[in-house]
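Position chains B and C relative to chain A; hints supplied.
Residue numbers (my numbering), protein chains in the order written: chain A, 1 to 146; chain B, 147 to 657; chain C, 658 to 804.
To be clear, the hints were calculated from the coordinates, so they are not data collected in a lab. Bear in mind the structure is a predicted one, so any value in this text is a computation, not a measurement. Among the hints, a few may not be true.
Listing some non-contacts, in silico: residues in chain B with all C-beta distances to chain C over 12 Å [as the list claims (entries may be wrong)]: (1) Asp316; (2) Ala459; (3) Gly520; (4) Arg592; (5) Leu616; (6) Met648.
DSS-like cross-link-like pairs, simulated, lysine-lysine; straight-line CA separation at most 27 Å [stated by the list, open to error]: (7) B:Lys604 to A:Lys136; (8) A:Lys28 to B:Lys395; (9) C:Lys670 to B:Lys260.
All C-beta atoms in this analysis are idealised placements derived from N, C-alpha and C, irrespective of residue type, glycine included.
Each chain, written out:
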Amino acid sequence: MLDFIAGHANYWLFIVLMMTGLYIVVAKGNLVKKIVGLNIFQTAVFMLYISSAKVAGGTAPIFPTDSKGYIKTDGIDQIIYSNPLPHVLILTAIVVGVATTALGLALTVRIREEFGTIEEENLVEIEQSLTRADNKAHGEAMGGMA
Amino acid sequence: MAGAVEVQHTALTLTDHLPVLQVAIPFLAAPLIVLVGNRTFAWVLSFVASALALVISFLLLMAVYDGGYISYALGGWEPPWGIEYRVDAANALILFLISAIGTVVLPFAYPSVKAELKTTSHTLFYACYMLCFTGLLGVVVTGDAFNVFVFLEISSLSTYVLIAVGAERDKRALTAAYDYLIMGTIGATFFVIGIGFLYIATGTLNMADMSDRIADQGSNRAVRAGFAFIIVGMGLKVAMYPLHLWLPKAYTFAPSAVTIFLSATATKAAIYVLLRFMFTVYKPEFVFETNTSLLVFMPLAVIAMFSASFVAAFQVNFKRMLAYSSVAQVGYMLLGIALLNQTGLTATMVHMFNHGITKALLFMGAGAMFYYTGSAFYDKLGGLGRKMPITGACILIGGLSLIGVPGTAGFVSKWILVQAAFENGWWPVAIAIVLSSLLAVVYVWRAVEVLYLTPPAKNSTAKEAPLMMLIPMIILAGSCVYFGIFTDLPLGASETAANVLMNGTNGELLR
Amino acid sequence: MHYHHLILRVITKLLVGTIMLFAFYVQFHGDFSPGGGFQAGVIMAAAFILYGIVFGLYAVQVVFPPWLVHKVMALGVLIYAGVGVYSMMLGYAFLDYNAFDPGHPSHGQHNGILVIEFGVGVTVTGVMIAIYYAFAGRFPQISDEDW
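Chain A on its own, in the form it takes in the complex:
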């Protein structure tokens, strides 16, 4: 049992981080906090990939070099390397995450400028009043409310 828990430590961490992030995105009303939650959520996925790349006793997948910079040839086939592919994938995913964060924050700044608030409840209120105004202005002609 203990082995099971300790042996899957990376998965527990992944689940906790993922649910923390998702909870923040869903539960928090502040637009910046939502983006922070989204970041935690994405980081959880990075953890999942990176931890899956670890090979027991493995080292960084770089050829060992001697002092002159030449690749050492002796004993090279005894070295165990970690899997480099998930790292590369996650490098891409991190870049995507940075782009999403930057875009989300930029939208938040613009929303703050246009609506004067970044709290979701206030935003919903403003939007509902705008929609009501639309319905009042344009719905009558159609013979009633939408």
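Coordinates of chains B and C only, in the frame set by chain A:
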């Protein structure tokens, strides 16, 4: 030279490069537009790039029309180690749809963008448009699971920007883009978790290889969990019924040109990914086993068909009405998947194609009227069908195709869908398809009533739309009718595609 | 104009050059040791952003004007894609670095990845600085005391 290796290499020809050129040409156009920074040049370059993409996709579609597939090893790394671009009938048809819509929208976009956006943002608008175009093409053409995620995010991020620029007319575009960003990112992250599980379970990212390994080792809990994550993640992008909340807002407040492009392509590319994962990576038997289609897809699709159509019938905004109708139409496509027979998949593929052109046509009509009135509310559109006779006629054709009147493209796909339902003996579903089409009659009739039967506003200055807008509309209206009568191109390709997806026979390697 | 502390300014001027040098090291030594375009681009951008934080946005925009940032972003992507197109013209697959030295594929791979990473580095530098400009260039609506 000592140590030199004599490698035999046959030089690749232009034909061999077609799968990568499909993506690379629009991809090159985007930075060139920013580098040159000229407004007219930006439009010309994007038009040339998308027209070239259209030609390429047509050549690819013709090559795989009868079955078989084309494989392209990116960077010379042979699959399954490297990234593979793999074109068969299923994605060639979607590639053709996306590049055709991308090309047709651009002439329309020129006057429309000029009217709706401030001049300083035009260049970046076209750069973003090209990136979105690249992303969608990439999602469809690639045979590598992680590459799908990367292209998906390229298209999504540019989509958020394209929607947000609608804020120059209505500030609610910003919150629409923000909501879509949150939901889209959650969807994409779910998708990437699913791929992660699959990678951990199989050790490969190439879809064809993944499929073989899942078949070899049988399913286990990681594989099944991956399936659930991929379905939910893609379901968000597809706007599958309870996950559709971002769509109506985004389509209503985005600039007209963006709405046209997205409505016809974005959800279709996502449905394609869903199909690819459900039927190529996981075999149909697996999907049967987990009962996903029966317990999840079927009820949700039927609910979407009715509830979204019902909501659409009560809208006072033309664009929002069409957006809700899109959610309903996605229901038909998911229903085709849920039927889990070859006819059902054919119906899904054909409906993706036909609904793409139909919805693009209708949103174009809305955009052309928006061009004069600055509003898509029905009370501002009164009588415009008579003031803009050609635009009105085009909307009428689009509306008929949306309902599924015989002689239009929409009829073909619904007919095949009903056939597929009967093939399974699910006659209540077939009746549901017909009944929900009646709801489509209601909301299309409301638009027709406004456009033709109400008197125009007294001070209305509306006249026929400019030629740049008319030509794309006429082309799309023409193809709505053409593909309703001569069904060879979409139907033949769809049948091949359904065969490829259902039976997993990729046929022979063509190139 | 509010000037920061003297020590801060002197140290910044010393550091900016060093950070840039380190960025180049990470960039061009990335094929032998951990590093590459993404990391180098961020480090390079950090030099400009540090300069901007200490000396003000105006000062750094004189050095690296916003329009140039846009062009640099596009240029990096073009370098990347250009490598792919060039290898295609040589009759190899898109981004097949073997094309650059068919007799010696490992040299071809080496040269190809250097150019690719350079393109990545250029773009990442541009993007990071553009993000900084976009946020720093906004006029704040809430003063610090209001928080």
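Taking 12 Å as the cut and beta carbons as the points, is Gly520 of chain B off the interface with chain C?
The assertion about Gly520 of chain B holds, with a minimum of 29 Å to chain C.
So if I understand the rule, the pair passes when the alpha-carbon distance is 27 Å or less; does Lys28 of chain A with Lys395 of chain B pass?
holds, 21 Å
Decide if the proposed pair is consistent with the structure: Lys604 of chain B and Lys136 of chain A, CA atoms, cutoff 27 Å inclusive.
Satisfied, since the Cα-Cα distance of roughly 21 Å is no more than 27 Å.
Does the claim that Met648 of chain B lies outside the interface with chain C hold up, using a Cβ gap greater than 12 Å?
About 31 Å separates Met648 of chain B from the closest Cβ of chain C, which puts it past 12 Å; holds.
Separation of Arg592 of chain B from chain C, once the least beta-carbon distance is taken, above 12 Å:
Given a closest Cβ separation of 43 Å, the condition holds.
So Asp316 of chain B supposedly isn't at the interface. Is its beta-carbon more than 12 Å from every beta-carbon in chain C?
Non-interface label on Asp316 of chain B holds, nearest chain C Cβ at 21 Å vs cutoff 12 Å.
Test the statement that Ala459 of chain B is away from the interface with chain C: the closest C-beta pair must be farther apart than 12 Å.
It holds; Ala459 of chain B is separated from chain C by about 42 Å at its closest Cβ, greater than 12 Å.
Would Leu616 of chain B pass as off the interface with chain C, using Cβ distances and a cut of 12 Å?
Leu616 of chain B clear of chain C: closest Cβ-Cβ about 34 Å, beyond 12 Å.
Given the proposed pairing of Lys670 of chain C with Lys260 of chain B, does the C-alpha separation stay at or below 27 Å?
violated, 46 Å
The structure is inconsistent with hint 9 alone, although it conforms to all the rest.
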